[in-house]
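*Asks:* Below are the chains, spelled out letter by letter.
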Amino acid sequence: MTSETLEQGASGALGGRERKLSTGRLGDRLFGISAKGSGILLLLIIAAIAVFLIAKAIPALKADKANFLTSQAWSPDAAEPRFGILQLAFGTLLSSVIALILATPVAIGIALFIAFYSPRRLASGLGYVVDLLAAVPSVVYGLWGLQFFVPKMASVADFLHGNFGWIPLFGGDSVGGQSILTAAVVLAIMILPIISSISREVFLQVPQPNVEAALALGATRWEVIRMAVLPFGRSGMVSAAMLGLGRALGETIAVAMVLSTAAGISLHILKPGGNTFAANIANTFGMAGNTGRGALIASGLVLFVITLIVNMLARAIVARRKEFV
Amino acid sequence: MSTPNTPALRGVSAGRKFKDRSVQVLVYVAFALAVIPLVSVLWTVIQKGSKRFDGAFFTHSLNGIGANDAGGGAYHAIIGTVEQVALASIIAIPIGILTAIYLVEYGRDSRLAKVVSFFVDVMTGLPSIVAGLFILAFWLLLLGFSYSGFAGALALSILMMPTVVRAAEEMLKLVPTDLREASYALGVPRWRTICFVVLPTAFTGIITGIMLAIARVMGETAPLLLTVFVTSAINNNAFEGPQMALPLFIFDQAGRPNDTAIDRAWAAALTLIVIIMLLNLVARVIARLRKPVSR
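Going down the list, the sequences are from chains A and B.
Here the first sequence is numbered in my numbering, starting from 1 and rising by one per residue.
Here the second sequence is numbered in my numbering, starting from 1001 and rising by one per residue.
Hints are computed from structural coordinates only; laboratory data are not their basis.
Hints are supplied without guarantee of correctness; some may be wrong.
To be verified - Here are the simulated EDC-like pairs of lysine to aspartate or glutamate, each with C-alpha atoms no more than 16 Å apart in a straight line:
| hint | chain 1 | residue 1 | chain 2 | residue 2 |
| --- | --- | --- | --- | --- |
| 1 | B | Lys1051 | B | Asp1263 |
| 2 | A | Lys62 | A | Asp77 |
| 3 | B | Lys1019 | A | Glu223 |
| 4 | B | Lys1173 | B | Asp1109 |
| 5 | A | Lys65 | A | Asp77 |
| 6 | B | Lys1017 | A | Glu223 |
Produce the complete structure using the sequences and hints provided.
*Replies:* Okay, structure coming up:
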């Protein structure tokens, strides 16, 4: 009831659609305009990102002698520039999707743990611990990955290759630590907190009567979660996973440090090699000439569009759910 | 008045109990899986970083330090990070808070506010390298400025804005409408109401959000790589010439083959983590000490 009166009060005080920005006084007008202007400025920045990336990408794309979308080459500064994004797109999607597959079940498990299994008093503290994972900068993950995790993953790769080498995914001739799989595991660690914190929020919104009804029917804790919580939170979990995917797609430095890049497309995720959009930009920018920069900007534009689509879809799912609740 | 014919209540069947227990175990394992990398990262950083975490590290730059030499420090990188993040904050915080004010106080139901709100969400997911590429394409290539700390700060501010907007928006929404109405009833104009009634009420919450946003951009490497470039000398002027930053320092040193460089990278990682964790901690403490007046 309190929230209802608050809502009414809010709409009364803040006015409906027709309400003007100010009372007409100078100070009021200036303040209203600068507030609105800041909002518009944000929109302009997004638009400018698209416009200027396109503007700088076009000359390089015109100089490209290979097909930008299907070529696997990346030598934009050669006398005859040839570059394409196929291998970059492949590596980016492969590593991100593996990361997502690894991270989503764990993240939802964490969210369930904090929301339903952990002691009430510890819940917020435990949530903070998981959020700390997000506070660690990606360059530190990169350093940790390169110095500590890669040697560990090398033996994991040997084990997987030795025992499951007949699965094409784990095949290839020389397996090692600086592989797509290692990059994917590091990415999975980095996107865990995003997915779990959004899922947790969704779980906390589950109507209490539903939970209590399930309990009253004699359901065990797992049955409550399966019948009352998961169906309610499905779209929220999907969008959480997609936001995690968006983050994984654009992650740069950790991947650039962990992955030993190599040209070409390969499904052998244990082999050192592969490349991603962002890692390629970070690794080759220092040596890039004029066309090279244009080519990198063009590949960044593709990354921008992909993450934009993923993020917009995720947000749209959340927004649609809000209308139903 | 017991009814003799009710069948005795049987407990939960073994199968259901087993399922319930195994899910519980899985959920505990999931949480453990998240804690392992966190502990591992923090432990290795503290252990390996403490080796060079000394006075010289914080008072010297890398100028004149040969590839194989020990010694040298990250003074130039710390200066660079502080200046870049400060500049980014100066740009991003006013824009972010004003946008939040627009969304909560003025826009509410308007179509523009909905569009802005949607794109703020979208901007939150902007890959940091794309922000760097944008500043590269716009500020460096098109307008012809050279690499500088300020260019890096521009890129960081783009990454900071959506976080500030969201944090400030959440806090402004918590300010009770009664306060605004009381102020209006006294004949106080709207902008004074917002500046002197609404913002102070939400102040601590907004500060918390800002500190978390600062902590987030402080660790960004990718955009700086494209805009600030790398130097080993001290450059106090963020507006001219290449600068250094702590994340860049880590990236640069980690890519070198010598142990001395790797040690410096770890020490810089420890420095960065300490700063970021302190910011996080202080932010949480502020948030806990004085929660905004809510319903």
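*Asks:* All the hints need checking, so say for each whether the structure fits it.
*Replies:* Quick rundown of the hints versus the structure:
no.	hint	verdict
1	B:Lys1051 - B:Asp1263	holds, 7 Å
2	A:Lys62 - A:Asp77	holds, 13 Å
3	B:Lys1019 - A:Glu223	holds, 9 Å
4	B:Lys1173 - B:Asp1109	holds, 14 Å
5	A:Lys65 - A:Asp77	holds, 12 Å
6	B:Lys1017 - A:Glu223	holds, 10 Å
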